[in-house]
Amino acid sequence: MKRFSVRWFSQQFVLALCVVPFAVSAEMQGLSDAQLADVQGQGLGIVLDDFKFAHGTDVDNGRIFRIGGIKSSAGEDVEIVVNQLYISGSGSNYGQNLSPVNLGRLTNPFSIDLEDGDNIGIPGKAVLSVNAPSKVSAADGFSCLDAGAGAGSGTCSSRPSGANRLGERPDVGLQLNVKVGDNQSSNLNVHAKSAVIDGSHIRLWGDDDRQQLVGQFKLNFYTPELSINACEQDGSDCGSRIKMTNFALELALGNKLQPMYLDVDGSGNFVAEIETIRRPAQGAIAQDGTRQNSNKAEWDFYEDYYTNPDYRSNLRIGNFSVGDRDFGSARVEGMLIQHLKIDTHDLAP
Amino acid sequence: MQQGWIIAAILGLVMVTPATAEMARLSDGDLSDVAGQGGIYLSGDVSINENGGPIQNAYFGTCDEGSKRCGARLAFQLKANGGWMVLDDIRGKFSFQGLTLRVRNIDSGFGGDGAVFNRDVLEVGLPNTVRYDDVQFTLANSSTARPSDPGFQQTDVFSIEMQGDVVLEGNLLVFPTGNP
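Going down the list, the protein sequences come from chains D and F. Its first residue numbered 34, the first sequence is counted upward by one per residue in the numbering used here. Its first residue numbered 17, the second sequence is counted upward by one per residue in the numbering used here.
Partner residues aside, some chain D positions facing chain F, computed with beta carbon under 8 Å:
| no. | residue |
| --- | --- |
| 1 | Leu-77 |
| 2 | Asp-82 |
| 3 | Phe-86 |
| 4 | Arg-99 |
| 5 | Leu-139 |
| 6 | Ser-300 |
| 7 | Asn-302 |
Ranges of calculated distance between the beta carbons of each label pair, as one might list FRET restraints:
| no. | chain 1 | residue 1 | chain 2 | residue 2 | range |
| --- | --- | --- | --- | --- | --- |
| 8 | D | Gln-68 | F | Gly-130 | 27 to 37 Å |
| 9 | D | Ser-300 | F | Phe-174 | 12 to 22 Å |
| 10 | F | Asn-97 | D | Ile-153 | 22 to 32 Å |
Simulated from the structure, these hints should not be mistaken for lab results. The C-beta atom is built at its ideal place from N, Cα and C for all residues, glycine as well.
Next comes chain D alone, as it looks inside the complex (with noise of 0.2 Å):
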């Protein structure tokens, strides 16, 4: 039988010590500097699940939805009456059969971020960016025009809707009825089937030198059809329906190195600006315009400015019919706003 002496206890001391430290490195501990400066806090993904949205102006049920404050340059009131905004599912043959849709998905949702803006080519800078789903590479996507679209056919994230799902393309609508004083228009209607805003974004953030607002925005906005026609008050007589198939717009409002600029006057006046382009130093660029003659890293910030083409709006139509005459196609491709200042006026007397 083993003894258990005074050393046999000190060895089981110094053991019991050897195990003691390890109880204490399971507590929490201190985060250095620059480990801090790896964590990455994640944005807020959102996604609206069987939704539906359906708001308008039925006097005699009590709903009513206005714009008003408008006045006409002769100085009468204008009413905007909206008779109808909705978000649906698609197949609402223009909004009479409302239906539940997905907006975002959840491995691509909608998102709200603090970006690190050496990520997005704003160095030095934290930026709020508001976000659509993004676009996805070709083999992935779905064709951002086609409402019967099945997967690996185009960029788009958000799916049409299919026989196991609800899609991720809603159908959206507005009913206007505009008066001037006392005279009151015929409805007007805007409807959109199957509408994608893939790859949307607004970005947001403070420039140091001005100590102003400043943004970025890009709105994509893709719909196998957009219709407007105006029909008589009660709706029973509606004009001809004028139609953009296949309609793409790609608008590009200030960009990375030229950021849109937002202010309000001291008129109380709203101005948006685009400032001009930078232009080279004297000499950066060689007389002959090619790279190698000129200073290297002027020339590429110019290629990039004048070439990319996330810098550009573009407008595409598949086809524009009035009634039944069809104008074919239309284009609008690579627009680059060089400068862009708007300015409100108040026209009231």
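Keeping the supplied structure of chain D fixed, place chain F upon it in accordance with the hints.
Showing chain F alone in chain D's frame:
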């Protein structure tokens, strides 16, 4: 000797009884059977300056005074020393019934996305209809933050007025993006 037994018995009782009232550990197996239930069901109404705000001066007043504004005012300055963007005259009442709040595990559905996603989300169940009662606001641009500041000048861009039942169906799902 008999006294000794009695003391021992009493001690035994005293010691045993409190022991049964103590908290017992749950095994991992038992713990895994414990589930939090439900969520929150909210009904209510929110009114903003229904009769007017607390400030009474030349510009703000109660809603009975036709010439004055009785709604709330929010002003944002977009540029240092610049003008102000204003949400003015915000007032009205929203009532809803059945706004729900719960945590939902999604591992199926969504056209195949659910199985890939397989995580918990915060689900806000929208109340199907929201009743708007004289809800209105005005978007404006102003030279000063407060109407009582010197040099006040304001341009109203447009105002919106909503009343009646608004259809708002579905669920709002909120979750962290990326791979936490």
